[in-house]
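*Asks:* As they're listed, the protein sequences go chains A, B, C, D, E and F.
Each residue of the first sequence is one higher than the one before, starting from 3 at the first, in the working numbering.
Each residue of the second sequence is one higher than the one before, starting from 3 at the first, in the working numbering.
Each residue of the third sequence is one higher than the one before, starting from 3 at the first, in the working numbering.
Each residue of the fourth sequence is one higher than the one before, starting from 3 at the first, in the working numbering.
Each residue of the fifth sequence is one higher than the one before, starting from 3 at the first, in the working numbering.
Each residue of the sixth sequence is one higher than the one before, starting from 3 at the first, in the working numbering.
Hints listed in this document are in silico derivations from the structure and should not be mistaken for laboratory results.
Incorrect hints may appear among the rest.
A pair counts as met if it fits within one copy or between any two copies, since identical chains are not told apart.
[As the list claims (entries may be wrong)] Under the rule of at most 25 Å between Cα atoms (straight-line distance), these lysine-lysine pairs were calculated in the DSS-like manner:
1. 25 <-> 35
2. 63 <-> 50
3. 35 <-> 24
Number of protein chains: 6
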Amino acid sequence: MPIVTIELLEGRNIEQKREIAKKITEVFTEVIKVNPETVQIIFHNMKKEDYALGGKLFIDKA
Amino acid sequence: MPIVTIELLEGRNIEQKREIAKKITEVFTEVIKVNPETVQIIFHNMKKEDYALGGKLFIDKA
Amino acid sequence: MPIVTIELLEGRNIEQKREIAKKITEVFTEVIKVNPETVQIIFHNMKKEDYALGGKLFIDKA
Amino acid sequence: MPIVTIELLEGRNIEQKREIAKKITEVFTEVIKVNPETVQIIFHNMKKEDYALGGKLFIDKA
Amino acid sequence: MPIVTIELLEGRNIEQKREIAKKITEVFTEVIKVNPETVQIIFHNMKKEDYALGGKLFIDKA
Amino acid sequence: MPIVTIELLEGRNIEQKREIAKKITEVFTEVIKVNPETVQIIFHNMKKEDYALGGKLFIDKA
Numbered sequence: 003m004p005i006v007t008i009e010l011l012e013g014r015n016i017e018q019k020r021e022i023a024k025k026i027t028e029v030f031t032e033v034i035k036v037n038p039e040t041v042q043i044i045f046h047n048m049k050k051e052d053y054a055l056g057g058k059l060f061i062d063k064a
Numbered sequence: 003m004p005i006v007t008i009e010l011l012e013g014r015n016i017e018q019k020r021e022i023a024k025k026i027t028e029v030f031t032e033v034i035k036v037n038p039e040t041v042q043i044i045f046h047n048m049k050k051e052d053y054a055l056g057g058k059l060f061i062d063k064a
Numbered sequence: 003m004p005i006v007t008i009e010l011l012e013g014r015n016i017e018q019k020r021e022i023a024k025k026i027t028e029v030f031t032e033v034i035k036v037n038p039e040t041v042q043i044i045f046h047n048m049k050k051e052d053y054a055l056g057g058k059l060f061i062d063k064a
Numbered sequence: 003m004p005i006v007t008i009e010l011l012e013g014r015n016i017e018q019k020r021e022i023a024k025k026i027t028e029v030f031t032e033v034i035k036v037n038p039e040t041v042q043i044i045f046h047n048m049k050k051e052d053y054a055l056g057g058k059l060f061i062d063k064a
Numbered sequence: 003m004p005i006v007t008i009e010l011l012e013g014r015n016i017e018q019k020r021e022i023a024k025k026i027t028e029v030f031t032e033v034i035k036v037n038p039e040t041v042q043i044i045f046h047n048m049k050k051e052d053y054a055l056g057g058k059l060f061i062d063k064a
Numbered sequence: 003m004p005i006v007t008i009e010l011l012e013g014r015n016i017e018q019k020r021e022i023a024k025k026i027t028e029v030f031t032e033v034i035k036v037n038p039e040t041v042q043i044i045f046h047n048m049k050k051e052d053y054a055l056g057g058k059l060f061i062d063k064a
């Protein structure tokens, strides 16, 4: 049942997402003893023009 | 005012989204008597590499 | 797998949530033929001071 | 620390996002005195087939 | 139609939310010329035990 | 910059959240080499009447 949504900048490859999904699922099974089959992970891949920090889009950062 | 966000795997066509939007709006007007013009629905279409269940990306499921 | 998040003003009772959950699940099983056991629905209940439309908090609407 | 997610119809250009990000960050530094470097803004760009109001997808509106 | 969700630490008062809602709505009407009546803002108020930065809950920060 | 939102049933204590936050942050620093100070985690704690699976609220499950 934990539903985990991850906003991250685009450019991560499938191997990295695979590893993140596997390891985050393990965190939940270890810490709160849930059935791994209930852990869900969603990646939202942001373009650099769609994320701003400090009032500045990432596309504008050096 | 209900704002409904739907995360689902990509591949649904417009006709299916049209029907889902229409029917979910009816659910809210029936059950909580809201004005249908206040019901909003947003679809987020996930790629199979962006959704994991049980620690495994959907792209890796047989 | 559809994960449905519903932002709505607080004050809906359990019977209304029960009915919304049941009927929205039926919409997905009818329209996209998913297994009902994969349909998940999350309610976020907003206070009237936490929702604004037209620049005005709901708590300030007559 | 405020994390601001904006769902809007696609078609806004980078200049508009740049201005929105800058001005919303200013709102938070003025009103709640946060360090601007902690203000984060995420844009989710919706296609017209992915947003419905009043039971109707935007792609179907005249 | 912009739907703006703001995750921020709890403790902001209604006057601050009122001002944030008003000013963010103005940003959208100025920059993308939308009808202010379509701008929606949702506040999610996080407890200090529900937000972590750098691997540490805010409740544990000095 | 990864912003991780976790929807889970209420009832987890601070010690469990502390451990989840610490370990998920480590996953990101290991797999995608981000600065841990950019990893943010938000917990949304759902009541049993606010989460449904298979058309049934959790409060109604035996």
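*Asks:* Are the hints correct? Go through all of them and say.
*Replies:* Structure-based check of all given hints:
Within a single copy, residue 25 and residue 35 get their C-alpha atoms as close as 14 Å, and across copies as close as 15 Å, so both meet the 25 Å cut-off. For the identical chains of this complex, residue 63 and residue 50 are intra-copy neighbours only, at 9 Å inside a copy versus 30 Å across copies, given an alpha-carbon limit of 25 Å. Proximity of residue 35 and residue 24 under a CA criterion of 25 Å is satisfied in both settings, with 15 Å inside one chain copy and 17 Å between copies.
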